[in-house]
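Mind the numbering: the sequence shown is residues -26 to -1, 1 to 182 in mature numbering (1 follows the signal peptide of the UniProt record, and there is no 0), read in order.
Bear in mind the hints are in silico, worked out from the structure with no lab data behind them.
Quick caveat, the model's predicted, so the values are computed rather than measured.
Each hint can be trusted.
The calculated lysine-lysine pairs, modelled on BS3-like cross-linking and capped at a C-alpha distance of 25 Å, are:
1) K117 to K82
2) K68 to K82
3) K117 to K68
4) K116 to K68
5) K82 to K98
6) K116 to K82
Distance windows between CB atoms, simulated:
7) S95 to D178: 41 to 51 Å
8) G120 to K82: 19 to 29 Å
9) D90 to F128: 35 to 45 Å
10) A149 to N54: 32 to 42 Å
11) D59 to Q85: 34 to 44 Å
12) N54 to D90: 44 to 54 Å
13) L119 to D163: 18 to 28 Å
14) V58 to S174: 17 to 27 Å
15) T124 to E78: 18 to 28 Å
16) S181 to Q85: 37 to 47 Å
17) A123 to S174: 18 to 28 Å
18) G89 to V58: 41 to 51 Å
19) Q85 to N54: 30 to 40 Å
C-beta atoms are modelled at their ideal positions from N, C-alpha and C, and glycine is treated no differently.
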Amino acid sequence: MELTNRILLIVSLSSLILSFSGGAYGSRPSPSQFASPPAPVISYISSTPDDAPGSSPAYAPAVSYISYAPMNAPASSPSNGPIVDLDILVLLQKSIRNGIHIAEEGIKRAQQLSGDPSPPSTVKMCLHQCIENLSYARDDLKKALGHIATADNFLVSEDLAAASSDAAACDQCFAEMMGGNHPIAEFDDAITSTSTDCLSILLDYASG
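When you get a sec, could you build the whole thing from the sequences and use the hints?
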């Protein structure tokens, strides 16, 4: 019952985030929102998707930080086997699908803002980076759904940790470039929260 209540809370919070952010998609932030001092161009890439395009982005980074392992990799791994508690199974799947939807909405938001001529080049660089990172997060969450279906809980835990790491990489770029809040933060936070909470629930269930 405790696990069910926790994942229901995840789904409710994710839906609330989408409902609040939905009205903001059509708005454009003022140029002052993006004001920031000059900073070196840095690229933050947390993982590489299977279907990554071969062409290079127009914004060539001076430095690239590539993480080959999820930053939030679980300290322990769950044992493989089907999730026999149907309530937990269905709610986990629903929560992960919600995370996929949040990632897709975040990508749309970043694409919309990147087309605005007002943000400075450093902000646009991070927006392009976030499009890439959120695409990775979406793909990792889709992989998690597939691995739930094949009862490979170890890979599910790896996928969830990778999605959280992907979202954190978007935040890291803006933290380095602007040092604070940014227009994609709500999507990053929602993906990180959903991924880490689902991972915690999976580990609790597998060890129970």
